[in-house]
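Okay, here's what each chain looks like letter by letter:
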Amino acid sequence: MSDTATTLPPTQGASRFDLRTILTRHGAWIALALLILVNLAITPNFATWQTLNVNLTQVCAIVIVAVGMTLVIATGGIDLSVGALMAIAGALAPLIFLGKLFPLPHPAVGIALAFVVPVLVAAALGWFNGWLITRLRIQPIIATLVLFIAGRGIAQVFTNGNLQVFNLPSFQFIGLGRVFGIPFQAILMIVVVVAAAWMLRHTVFGRQILAIGGNEKAARLSGIPVASVKQRVYLISGFLSGIAGLIVIARNSAADANLVGLGMELDAIAAVAVGGTLLTGGRATVIGTLVGALIIQLVRYTLLANGVPDAAALVAKAAIIVLAVWLQRQSHR
Amino acid sequence: MHTTSLKLFQGIGRYGVLLALVALILFGWLRYENFLGAFNVLSVLRYNSMFALVALGMCFVIITGGIDLSVGSTAAFGSVVAALLSPYGVIPGLLGGLAAGLAVGACNAFIITRLNILPFIATLATMLAANGCALLLADNQSVSVSYETGFIELGQGDFLGFPIPAWIALVAYLLASIVLNFTSFGRTVLAIGGNEDAARLMGLPAQRVKALVYLASGGLAGLAGVILAAQFGAGQPIEGVGWELFAIAAVVVGGTLLTGGVGSVGSTLAGVLLLGLIFNILNFENGLGWISLSAYWQSVIRGAFLLLVVAIQARLSMRTEETA
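Sequence order for the protein chains is A and B.
Take the first sequence: its letter number 305 is residue 305 in my numbering, and every next letter is one higher.
Take the second sequence: its letter number 28 is residue 28 in my numbering, and every next letter is one higher.
In short, the hints are calculated from the structure, not lab data.
Ideal Cβ positions, reconstructed from N, Cα and C, are used throughout, including at glycine.
Incorrect hints may appear among the rest.
According to the in silico footprint, chain B covers these stretches of chain A (three or more CB under 8 angstroms from chain B) [unchecked claim]: (1) 225 to 239; (2) 300 to 314.
Short derived list, chain B residues pointing at chain A, Cβ under 10 angstroms [what the hints assert, rightly or not]: (3) Ala122; (4) Gln298; (5) Ser299.
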């Protein structure tokens with residue numbers, strides 16, 4: 001993939017054109033193209049704006065979270081807490097703009113704070129994950145497991161497990177708004193993807209992330225501030241989870257701490273894996289993650305639109321993940 | 001650091017979970033009436049035996065340096081299969097649930113050892129697949145079990161005054177303890193976790209043992225599913241969400257290193273009971289009426305406990321490294 005940022009030396013010339021290499025390197029793009037072609041052939045009314053809209057709005061939150069996950073995985077880590085952080089952000093925002101947390105001087109202040117505070121809280125919790133991982137040297141899977149377990153509980157305690165319903169167009173713009181007919185959340189998603197892809201490829205920070213994932217010891221010895229880079233990566237992941245949480249509750253006009261972001265960590269990891277990012281770190285592609293999320297979403301849509309039950313789509317998703325990772329391994333033989 | 005205090009620290013590391021468990025039991029005993037009454041003790045054991053089985057499989061997997069995220073949905077899948085087969089009798093129900101678990105375990109074993117895919121991602125995929133299969137078989141709703149064949153005894157019955165699921169868990173733990181400590185299989189499991197390449201170079205059948213460990217984890221999860229169905233009178237396709245993480249937490253709280261190579265079956269059981277008692281004590285506390293904590297606090301407190309334990313463990317291992 002042309003945008004793949006890597007610390008490995010590029011493979012040279014001759015082998016580039018054999019079928020296997022093409023399949024493994026551009027597998028995600030080919031799969032996406034095939035899916036679209038199949039859909040054009042069999043799914044009624046596929047080539048419509050409505051289809052595009054439905055798929056876009058369902059995929060945005062996943063992509064935004066998965067971008068953060070890509071960066072985390074690029075350092076050789078994992079973040080299981082993303083769904084729980086979404087729930088916390090999603091629970092906080094309505095509490096703030098409905099004035100349940102503290103009295104509001106003006107509704108506009110409430111809305112502004114409802115955007116800022118939940119995202120900052122999620123980012124702070126992401127930073128806390130990073131702190132556990134870098135300072136206490138706890139493995140990422142366990143460190144983020146703490147908030148995975150406790151985080152949703154915290155959100156439920158905030159709201160007492162109640163559904164918070166609201167109707168507030170100025171806040172819900174983040175999930176329902178449109179700019180020139182394009183859903184605002186899609187614009188947000190593209191901005192996040194482009195910014196992260198650019199950062200990973202063209203900034204020192206991005207190169208440091210990949211260096212750490214490639215070989216942490218070597219990175220440390222060559223003077224990269226490993227702890228601080230990792231900490232920032234988890235902070236970014238928390239930050240993006242917070243934004244995704246706001247999008248989801250705005251889209252639903254309701255915040256349910258029991259459901260917001262449930263299972264999101266799996267969707268995000270799946271998107272990253274299918275997109276071609278190396279799960280052991282050191283090689284990452286943000287655009288690939290976008291493609292991976294689109295593939296998973298499209299498979300689900302294809303099956304649903306053709307009358308296959310949602311449960312079967314889960315099995316299909318499992319098969320895709322295994323196949324994608326297996327193909328990825330073949331290219332590294 | 002002085003050697004005595006170092007030894008003390010290591011002791012806390014090894015027996016910390018037991019100390020915490022004893023402290024928690026003492027706390028409950030002193031604070032609440034009937035805490036150690038037969039009814040409470042037996043219902044805690046009955047309820048937690050499912051988690052104990054799942055955590056046992058996870059313990060072995062983690063000792064090999066792997067992870068099994070599929071156990072929760074495997075248990076749900078097992079409960080659905082068991083419930084569907086329960087009209088044919090106790091044995092078909094039991095074997096059906098077990099077979100469902102073994103099937104998922106076999107998939108894990110194949111993907112991990114043959115396709116060489118990371119355990120983490122392989123079991124993530126089978127988790128989705130098992131969940132999908134459970135929902136498909138159950139037609140998206142819970143499947144009630146037959147009350148005529150005695151199947152529910154597996155979850156609700158007693159044998160010699162002790163809950164049957166607790167007997168099942170007890171036997172499983174005893175067997176597992178013997179296997180881990182006294183058989184070449186057990187030694188190989190530990191060796192793989194310590195250093196897989198070295199184990200392989202020494203001629204140990206690393207791939208086969210790993211495959212068996214995932215198979216066993218699936219089978220135990222299936223068995224937990226059978227108990228789930230029998231205990232609640234229904235196969236529950238959407239149960240088991242988060243069980244994998246509960247099991248991981250219990251194993252880690254029990255002091256098994258997530259990097260593999262070290263672990264104990266007994267302290268895993270202690271970890272399960274510790275996490276289970278937190279919920280129990282929360283109920284008692286609410287019963288006292290001084291404070292009212294919603295059930296949601298349960299996960300917050302569990303998370304806090306996990307944090308406490310891993311933080312202490314991390315501190316200890318850092319100290320040990322520094323002094324070594």
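Of the hints stated earlier, which fail here?
-> The structure conflicts with hint 1 only, although it agrees with all the remaining ones.
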